[in-house]
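Visitor: Listed below, chain by chain, are the residues.
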Amino acid sequence: MSRTIPRAILGAAALVAIASGLWLAFTSSPDVFQGDYVRILYVHVPGSWLAFLAFGVTALGSAGWLLTKRMAFDRIAEASAEIGVLFTAVSLFTGMLWGYPVWGTFWDWSDPRMSSTALMFFVYLGYLALRRSVNDPIARARRSAILGIVAVVQVPLVYFSVTLWRSLHQGMTVRPDGIAMDGSMVVALLANIAAFTLLYLYLMVERVRLARVEEIAAVADTELAGRTVAKPNLEGLS
Amino acid sequence: MPGPIVMLDDVSVRFGPTTVLSGVGLQVEAGMVVGVGGRNGVGKTTLLGVIATLVPVAGGQGRVLGAELGTDGVRNIRPRIGWSGHEPSLYDDLTLQENLHLTADLAGLSREEADDALGRVGLAAAGHRRAGLSSNGMRRRTDLAALLMRRPDLLCLDEAHAGLDEDADAIVGALTDLTCRRGGAVVMVSHDAARLRAECDEVLILDSEAP
Amino acid sequence: MSRFWTQALAIARRDLIVEGRSRETVAVVVPFAAAAVFVVPFATDALDVRLATLAFPVYWLVGLLFGMQVALRQSAMETPSQRRQLALLGVDPVARFTGRVLSAAALVLVVLVVTAPLVLLFYDPEPIARPWSMAGVLVLFALGLAMVSTLAGDVTAGLATRTSLAPLLIVPVSVPLLLGAAQALESVVRGRTTLPWVLTLVVTDLALAVTGVVTARALEESNT
Chain C
1 MSRTIPRAIL
11 GAAALVAIAS
21 GLWLAFTSSP
31 DVFQGDYVRI
41 LYVHVPGSWL
51 AFLAFGVTAL
61 GSAGWLLTKR
71 MAFDRIAEAS
81 AEIGVLFTAV
91 SLFTGMLWGY
101 PVWGTFWDWS
111 DPRMSSTALM
121 FFVYLGYLAL
131 RRSVNDPIAR
141 ARRSAILGIV
151 AVVQVPLVYF
161 SVTLWRSLHQ
171 GMTVRPDGIA
181 MDGSMVVALL
191 ANIAAFTLLY
201 LYLMVERVRL
211 ARVEEIAAVA
221 DTELAGRTVA
231 KPNLEGLS
Chain Z
239 MPGPIVMLDD
249 VSVRFGPTTV
259 LSGVGLQVEA
269 GMVVGVGGRN
279 GVGKTTLLGV
289 IATLVPVAGG
299 QGRVLGAELG
309 TDGVRNIRPR
319 IGWSGHEPSL
329 YDDLTLQENL
339 HLTADLAGLS
349 REEADDALGR
359 VGLAAAGHRR
369 AGLSSNGMRR
379 RTDLAALLMR
389 RPDLLCLDEA
399 HAGLDEDADA
409 IVGALTDLTC
419 RRGGAVVMVS
429 HDAARLRAEC
439 DEVLILDSEA
449 P
Chain R
450 MSRFWTQALA
460 IARRDLIVEG
470 RSRETVAVVV
480 PFAAAAVFVV
490 PFATDALDVR
500 LATLAFPVYW
510 LVGLLFGMQV
520 ALRQSAMETP
530 SQRRQLALLG
540 VDPVARFTGR
550 VLSAAALVLV
560 VLVVTAPLVL
570 LFYDPEPIAR
580 PWSMAGVLVL
590 FALGLAMVST
600 LAGDVTAGLA
610 TRTSLAPLLI
620 VPVSVPLLLG
630 AAQALESVVR
640 GRTTLPWVLT
650 LVVTDLALAV
660 TGVVTARALE
670 ESNT
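Residue numbers (my numbering), protein chains in the order written: chain C, 1 to 238; chain Z, 239 to 449; chain R, 450 to 673.
Isolated chain C, as found in the complex (with noise of 0.2 Å):
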């Protein structure tokens, strides 16, 4: 019961964030060249923040359960990844869905932001495959580990890969001197990222302990298992 109160709150606090978020998205102002179709940019580049800070926090779990062998941490890196997984999908489709109307296709082959964003995706589909293929618990943590921390490479080239290659996806918005966009852009796009983070706050809480109690019932379940054996009743066989 003490635990469930502060989740509670930051569930809630998620979700007023996650709402005033939406309104500024939808109250700021359009875009010059892109009109109101500026406006999915709210949600997917926390989604994409979301998606290289979860597999961030799932490369630090993994290096934490390789050197201390506490399953918390593996606990952490599977949650993260999953949540990760999630948000890169919801950054890929948001990215699609912007760029039907503003350049013309759902996918372009010259952007090398989508398809390493892409790539991304399905190294951490395999990640997740990965740790649902092996039964033995230590097993399935040590591999994960291994590959939660040779993945995380991929986090710097996708998001440095607008400037690395020549790219039809827009360059950074945020550079060191200074933000190329308009005052209520910049307060409704902060506003989301910092919902979104809430979001993955409270989303790595609820995973994490569902994890722990799977763990536990997993447990009670081998102990329990032997109750539920009886004596055989071999009276009357005909």
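The set of hints was computed from the structure by calculation and includes no laboratory data. Computed from a prediction, not measured in an experiment: that's the story for all the values here. One or more of the hints may lead you astray.
Partner residues aside, some chain R positions facing chain Z, computed with beta carbon under 10 Å [claimed, not checked]:
(1) Q456
(2) L458
(3) P529
(4) S530
(5) R533
(6) R641
(7) E670
Even glycine gets a Cβ: it sits at the ideal position worked out from N, Cα and C.
Dock chains Z and R against chain C, hints included.
Guide: Here is chains Z and R on its own, set in the frame of chain C:
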């Protein structure tokens, strides 16, 4: 059923260039428990496979439940043969109950009979457990429940007592008694010579050194 | 219901329940197929080559190779003790073959249905005026692939080289399926009749079905 349950005469079995069995003769009458013993690798399980009509013979002749070995007639009598070994035939991703229901569906029996058999072996409360996550003892009991349900006329036991607790051992004993009472027969393979002497009416010892 | 169909449907149900819990197809093979659709353009100069011309060949090749992998999946393989059990239960080998084919065909269809929108998205092919007219072709292709893969799986059961030998057996025999399905799709796009190619698929499926029925007993004897 007239005639012996199993009759083998000078049977030999070859796997590729290797002769596994040679000159084996055996007769099992209704109501008998026959044991098969011998050292590891001498062909006990192979002989049981011949008796279960699953291993083809290279020489000699035999009849099981009235069907000539090596003919299409064995297909008709196979549903009357039961097999229990140390390796259960369950599907890991199905529950114990689902495994038994599958057996019932394939054998043309009712699911109620399957549930009754599961209860008989003491697993009524464990039926929801996946086979792959159940202990070997529970898996073996489920296999035995399938035999209780099917009531075979010829029961083939391949080291069936290995690794079983006292209660599960009693199930194997009950199955053996039931089969014999109903006019069937049991062929039991074991390396436990004491058990063979105690539980079998006759014991055949396979010996690859004998002329 | 006849004993044959009771057994066949019980086998099919078993396979689909096992797949539903192991999720080997949904969680591994389907994402793999999707990834394959995605990475092919990296092997071309996607800016110069009209990817649209690659769309349909890639679709059918991915459907063939990954559909084959679905039908040969490890979770569908029976252990020696399970095969012995089926023989002693008096399961009709043809019923077993039928049940295995039905479940494999359903899963192959999942691969085909999931990869179709991805091909449309990544390759932007010519529009298909009557996409629903391909439903029958997909079913025939899936059934044929399921049959040839089930046969190859049974022929290579228990062999150490199964994972490489079975695909080697399947691919050449699947050429009529590939031809019929690919040409049927081209015909739909061009507004021509698909009848010759649908007949090709039907005849191939019938030949595979007859082969499965005729060889079922012999394969059971060799694998039990």
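Visitor: Now, for every hint given, state plainly whether the structure supports it.
Guide: Hints and how they fare:
no., hint, in the structure
1, Q456, "6 Å, holds"
2, L458, "8 Å, holds"
3, P529, "8 Å, holds"
4, S530, "4 Å, holds"
5, R533, "6 Å, holds"
6, R641, "46 Å, violated"
7, E670, "7 Å, holds"
In this structure, only the earlier hint numbered 6 is contradicted, and the remaining ones agree with it.
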